[in-house]
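J.: What follows is each chain in one-letter form.
2 protein chains.
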Amino acid sequence: MAQQHPDPTDPTAGAVTGEALAGYLRAQATAFLRALRLHRETGSTLANSSQESVDGPRALRRAARRISGSLHTFRPLLDPGWSEEMRPELAWLSGTLGLEHAYEARLERLLLALHRLSGTTVIPAQTSDRAAAPGRPAGMTRAPATTAPADSSGPTAPKSTPERGNLTVGAAKAGALLERQLTLARTRAHSTALQALGSSRFHAVADRVAVLASEVPLTPAAPTTDLGPLAAAAEERLTDAVAALPLVTAGHPYNAEALVHGLAPDLSAHPQDGPWHQVRLLLRLHRYAREVLTGDEAPADVRLVTASQALNRHRDASEAAAAAAQAARTPRITPATAYALGVLHADQRHEVEAARFAFQQAWQKQTVNAP
Amino acid sequence: MAQQHPDPTDPTAGAVTGEALAGYLRAQATAFLRALRLHRETGSTLANSSQESVDGPRALRRAARRISGSLHTFRPLLDPGWSEEMRPELAWLSGTLGLEHAYEARLERLLLALHRLSGTTVIPAQTSDRAAAPGRPAGMTRAPATTAPADSSGPTAPKSTPERGNLTVGAAKAGALLERQLTLARTRAHSTALQALGSSRFHAVADRVAVLASEVPLTPAAPTTDLGPLAAAAEERLTDAVAALPLVTAGHPYNAEALVHGLAPDLSAHPQDGPWHQVRLLLRLHRYAREVLTGDEAPADVRLVTASQALNRHRDASEAAAAAAQAARTPRITPATAYALGVLHADQRHEVEAARFAFQQAWQKQTVNAP
Chain G
6 MAQQHPDPTD
16 PTAGAVTGEA
26 LAGYLRAQAT
36 AFLRALRLHR
46 ETGSTLANSS
56 QESVDGPRAL
66 RRAARRISGS
76 LHTFRPLLDP
86 GWSEEMRPEL
96 AWLSGTLGLE
106 HAYEARLERL
116 LLALHRLSGT
126 TVIPAQTSDR
136 AAAPGRPAGM
146 TRAPATTAPA
156 DSSGPTAPKS
166 TPERGNLTVG
176 AAKAGALLER
186 QLTLARTRAH
196 STALQALGSS
206 RFHAVADRVA
216 VLASEVPLTP
226 AAPTTDLGPL
236 AAAAEERLTD
246 AVAALPLVTA
256 GHPYNAEALV
266 HGLAPDLSAH
276 PQDGPWHQVR
286 LLLRLHRYAR
296 EVLTGDEAPA
306 DVRLVTASQA
316 LNRHRDASEA
326 AAAAAQAART
336 PRITPATAYA
346 LGVLHADQRH
356 EVEAARFAFQ
366 QAWQKQTVNA
376 P
Chain U
6 MAQQHPDPTD
16 PTAGAVTGEA
26 LAGYLRAQAT
36 AFLRALRLHR
46 ETGSTLANSS
56 QESVDGPRAL
66 RRAARRISGS
76 LHTFRPLLDP
86 GWSEEMRPEL
96 AWLSGTLGLE
106 HAYEARLERL
116 LLALHRLSGT
126 TVIPAQTSDR
136 AAAPGRPAGM
146 TRAPATTAPA
156 DSSGPTAPKS
166 TPERGNLTVG
176 AAKAGALLER
186 QLTLARTRAH
196 STALQALGSS
206 RFHAVADRVA
216 VLASEVPLTP
226 AAPTTDLGPL
236 AAAAEERLTD
246 AVAALPLVTA
256 GHPYNAEALV
266 HGLAPDLSAH
276 PQDGPWHQVR
286 LLLRLHRYAR
296 EVLTGDEAPA
306 DVRLVTASQA
316 LNRHRDASEA
326 AAAAAQAART
336 PRITPATAYA
346 LGVLHADQRH
356 EVEAARFAFQ
366 QAWQKQTVNA
376 P
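First to last, the sequence lines map onto chains G and U. Just so you know, the first sequence maps onto residues 6 to 376 in the working numbering. Just so you know, the second sequence maps onto residues 6 to 376 in the working numbering.
None of these hints come from the bench; they were simulated from the model. Just so you know, not all the hints are guaranteed correct.
Copies of the same chain look alike in the list, so a pair counts if it fits in one copy or across any two.
[Stated by the list, open to error] Computed list of lysine to any residue pairs in SDA-like fashion (alpha-carbon distance at most 20 Å, straight line): (1) K370 to H257; (2) K178 to D301; (3) K178 to R337; (4) K370 to A248; (5) K370 to V216; (6) K370 to G86; (7) K178 to G19; (8) K370 to T244; (9) K370 to P81; (10) K178 to G233.
Here the structure is a predicted model, which is why all the values come from computation and not from measurement.
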């Protein structure tokens, strides 16, 4: 771990107390309200608008996640009734607001993969964090590449999805099918999010956050309570969950583990992914707890960031693989379409495996270099 | 390289001359004739018989490959007319005799993969060199495994192919389709091989090999000519071909290179595999040349063996992937069958990538440790 900040497990360091938690929560609440104002001023919603207004809902979710995470990790220091009412509302909000972007990123990921699998290279738009290129060394594509120009309209515009001109019939049909299904899902998510933002439920959340921006409901003892033990407990939950992961397997390249259930009866169920998703959430809570203690939102430890990115990629590939498997169950598709979806599913499951390998590598480095 | 044998590139070592080549060729010719006698005595042919008689044709091919390879590498030391007539005949023979086994091993590989992809584990029979398990660390399968008992009738009996009881409909149908197509191909290969063994062309080859067993047509200067430079040239051809491989890419796990053309218009063409197949052949020639120089058929260098095995696995997975893609073009298959074949194709292409990684690892070790 980087040592420029107090180490939460070091009892000799000057203790960071509940006051810091209050400061962090106030700051996040303020960020939430700023994002809400930005969103309302630009008058647009969510992901299918210009890049600037995207930042509104994204910043809203970002702050909601941090508030919610801090409420969880530092629960004993906060008014329990308030905290228990607040958390599910914040989870509902960030879940609802995140869906549209998730469907969009999933479609982009799948269409990019179809192009890669067809030997055509599309330069992925770089601004979308979920749709980032899947972490291969740059310049390694040796295939005779028909490089499509990068679309300058931004990754969130529907028209920025790669064209299917160079695909085979099966790949093109698979792409069209996925586009239809995921665009429909995204449109529904958009409507749901719009309704959510106009709902009395949302206004109640926003009101509570507005109060939080000035007045954090700490317990009487909290202002002088050391945050260290609670932050350490969050880290321990993470460490325990990581220890339960099959990291030895994941560290062997090409272990073929992620596709073991690729043709299992329930195509979209991958129970093996669950523990990794869980670690993703615990790692996020650990990072937020570190932010509270250091008072700094800039990532303190590049390895934690790398590990987080690997787990995000794991989640994205897992969901994309499930979407391909789901699309293959559409009635009356042609065998060529189904074949392309099978290749695509397997490709994304290998992305899952690659992400686990990347996490293992990042985590190993971290453990080796820890004090 | 292991140093217990003379280093062919070391000018100070006692030179190995054409006499050693003659001895090697006589020994291989004798092995050829012994295999032929064994095959005729057991009265059975090729791969679909009991384990003992399998060794006949396999030993026949083994000797034929070594004679042919030595004729190529040490061509200047042998009567050119004889040599140029002999080589294509030996290539025809080992190609014809190898096909049946290749189809059988391919089917076994694909059915094992279908089981793995369905979350059921089948213990592969261990005696078949081409059908060996694809090199994962043992005991790593964490899936809830329905382990079928290993079939004791040997890997070459058609009934030893795994049962399809636990597969999904799509996987089962894909397996049945592949079994039908590859069994047909194998039956044809069997007939062709039987015809070949009864042909006058084969008898002419056998007669020539019988002569070779006692009388090697060396050039007049050959008995005192150092074999070193010709063996070194064979090694150099190998080294040059390896240097042209994309080993940097191959050394990055999960580079996703092997599937780049997974959905390209011509499904079964993978031009990127060609250079690797070529290296496989050159590596074999290099190994045979070492055998001639050391007078020892036992593998002198475990890393050369590891590299060879990786390239065999590369070839097998490449051909299996092509067979899955080919099967997916069968008219009137169901989408579920096509989907399973797509997953299977992608899985085998990742096996191709895994084999390249394994070769890169083996080769790197070799280069690092070479004097």
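J.: Within a copy, between copies, both or neither: which one fits K178 and R337 at a CA-CA cutoff of 20 Å?
T.: Both ways: K178 and R337 sit 12 Å apart in one copy and 18 Å across, limit 20 Å.
J.: Between copies, within a copy, both or neither: which fits K370 and H257 at Cα up to 20 Å?
T.: both (15 Å within a copy, 17 Å between copies)
J.: Is the C-alpha distance from K370 to T244 at most 20 Å within one copy, between copies, in both cases, or in neither?
T.: within (14 Å within a copy, 34 Å between copies)
J.: How would you classify K370 and V216 at a CA-CA limit of 20 Å: within, between, both, or neither?
T.: Close neither inside one copy (42 Å) nor across copies (64 Å); limit 20 Å.
J.: How do K370 and P81 come out at 20 Å by Cα distance, when the copy is not named: within, between, both, or neither?
T.: Close neither inside one copy (33 Å) nor across copies (55 Å); limit 20 Å.
J.: For the identical chains here, do K178 and G19 meet the 20 Å Cα criterion within one copy, between copies, both, or neither?
T.: Neither way: K178 and G19 sit 61 Å apart in one copy and 67 Å across, limit 20 Å.
J.: Which holds for K370 with G86 at a C-alpha limit of 20 Å: within a copy, between copies, both or neither?
T.: Neither: 41 Å inside a chain and 62 Å across chains, both beyond 20 Å.
J.: State whether the alpha carbon distance between K178 and D301 is at most 20 Å within one copy, between copies, both, or neither.
T.: Answer is neither: 48 Å inside a copy and 57 Å across each miss the 20 Å cutoff.
J.: At 20 Å max between alpha carbons, let me know whether K370 reaches A248 within a copy, between copies, both or neither.
T.: For K370 and A248, only the intra-copy Cα distance (15 Å) is at most 20 Å; the inter-copy one is 31 Å.
J.: Evaluate K178 and G233 at a C-alpha cut-off of 20 Å and name the case that applies: within, between, both or neither.
T.: Neither, since 55 Å and 58 Å both go past 20 Å.
In summary, the numbered hints that this structure violates are 2, 5, 6, 7, 9 and 10.
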